[in-house]
Amino acid sequence: MNKVRVRQLWFAATLLISLFLMLIPLPGPLTPFKPYWPALVLLYWCLQSGDRVTLGLAFCLGVAADLFDGILLGEQALRLTAMVFIALRFRSRLRFFPMWQQSLAVLGFLLNDRILLLLIRVFGGDPLPPPEYWISPFVGAALWPFVFLILDDLRARLRIHEA
Amino acid sequence: MALNRDDKSPLFAPGVAGTLRLIVYLALACVLMVLDHRGGWLANVRYGLSILVEPVYRIAGLPSQGFQAATVAFADRQRLTEQNQRLREDLLLANAKLNRMASVAEQNQRLKELLDTQHSLSLNVQLARLIGVDLGSFRHRIVLNVGARDKVKPGQVVIDARGVMGQIVEVMPTTSVAMLITDPNHAIPVTVERSGLRTIAYGSRAGDMLTLPNIPVSADVQVGDKLVTSGLGGRFPPGFPVGEVRDVAQTPSGTFLSAQAKPAADLDRSEDVLLLHDLAEVDGPPAPAPNVGPPASLAPDPNAPQPTLPSVTSPTATPLPARSATAATPTGTAR
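These protein sequence lines map, in sequence, to chains A and B.
Read in the working numbering, the first sequence has 91 at position 91, and its numbers run on one by one without any break.
Each number in the working numbering comes from the position in the second sequence (counting from 1) with 163 added on.
Honestly, the hints are just simulated from the structure, not real lab data.
The model shown is predicted, which means the values in this text are computed figures rather than measured ones.
The beta-carbon is built from N, C-alpha and C at its ideal position, and this holds for glycine as well.
One or more of the hints may lead you astray.
[Claimed, not checked] A few chain A residues that face chain B, going by a derived Cβ cut-off under 10 Å, partial list only: (1) LEU9; (2) ALA12; (3) ALA13; (4) LEU15; (5) LEU19; (6) LEU23; (7) PRO25; (8) ASP69; (9) GLU75; (10) PHE97; (11) PRO98; (12) GLY124; (13) ASP126; (14) ALA142; (15) LEU143; (16) PRO145.
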């Protein structure tokens, strides 16, 4: 039971940390390179333990992110829900991909996410974003193997530690 | 890696229930967005949840704060000494200028009293610090460490030592969010200092510049012209530097000139900012006085018996207040 609780805590902690990472600013010129952290962490959990990540959880995380962001309530909820839905649907196949293919798939997810965001903003009456807008998904995909391995390693360590 | 076996995700057959749930959640998100976009009640929700949100801002701001502390701690002595020297010189210069300005300001004050105008040169400001929080890229907003408890109100103007930075758009109990003048949704009425031409400077989508898209072709605008706030619109007080024109060109249609300006304020470097307390004077006619006419105490009592003789009373109307500018709502060009 203790084990389960530790795992639950770890799960919640990674999601919270991803929200913090989203809020922490990067120094000026690096700003467009910031990956969309909540999406990466959520994708990791989708692939690793798909029964824990549901659409409802993605929605709640998105609403929380919107509250912190303060832009438009429901924007990130919509994006994360759509992404988690696709990821869950292809989960069984994605898990058997080699790492570089997984990275490509993540790139696809993140690009799709950006397109969704673009649609929402344009519908909301915002002007088109500058070209740097499209850098972030590539950074996210490049970081994916590291995120995956680090989170996996930490998870394995936690399990050993508590055993 | 341990395979997490479960029966719920078959390889190829997706469930119908999942799709249904997706549609429900997407619809919910859309409803939220539309409600928020129309009614703008996200601010209220956020105000209510600020107990949760504000500590998160403070914690998320810690790394950048720590980074600054580290740069100070590890900066070499040489550079700090140089910086100190430069600041001293700046202060000396500023003090010298101030001393010379003091007499002029006093004279100006006397003359203005003679002219009976309400403008004053003194500033009523409040110091605020930035909290290093990223509110989404391509969103030109900053978080300040003062809020409703410090009597901050939406619409207050944020300036730094060099010029106008933006205005407060959202207030929480101990923090507030300001929109920068470079935000694509922001517009600020400006005057070209040299020629007195009035126009409007919008934020640009590329980020750190201002665009002035509709200047008449015959107007006199050159590269290097300084832009200052014009005070029209009632949001920004007149006379604050806004930017400097960097580029003037004809619009594709040829009907207008379009200029690019660089903001005067250090939008991405300022740490301490000032909040102006008094808003610009509202132009246009003053709001109608709320109670014109004889005071209620002179109103005839409907229950009183009618006087038999018509009594002659002199109407004593309350005098109109000379200026009720504060009562009028500012017709801001915020968005």
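Results for each hint:
1. LEU9: violated, 18 Å
2. ALA12: violated, 15 Å
3. ALA13: Result: violated, 14 Å to nearest chain B Cβ.
4. LEU15: Hint violated; LEU15 of chain A Cβ to chain B Cβ min 13 Å, cut 10 Å.
5. LEU19: Hint holds; LEU19 of chain A Cβ to chain B Cβ min 8 Å, cut 10 Å.
6. LEU23: At 4 Å from the nearest chain B Cβ, LEU23 of chain A passes the 10 Å test, so the hint holds.
7. PRO25: holds, 4 Å
8. ASP69: This hint holds: ASP69 of chain A lies near chain B, its Cβ roughly 5 Å from the closest one there, short of 10 Å.
9. GLU75: Result: holds, 6 Å to nearest chain B Cβ.
10. PHE97: violated, 13 Å
11. PRO98: Result: violated, 13 Å to nearest chain B Cβ.
12. GLY124: holds, 6 Å
13. ASP126: The hint holds - ASP126 of chain A has a Cβ within 10 Å of chain B, the shortest such distance being about 7 Å.
14. ALA142: Constraint on ALA142 of chain A not satisfied, violated at 17 Å.
15. LEU143: violated, 16 Å
16. PRO145: Since the shortest Cβ distance to chain B is 13 Å, the answer is violated.
Checked against the numbered hints listed earlier, the structure breaks hints 1, 2, 3, 4, 10, 11, 14, 15 and 16; every other hint is satisfied.
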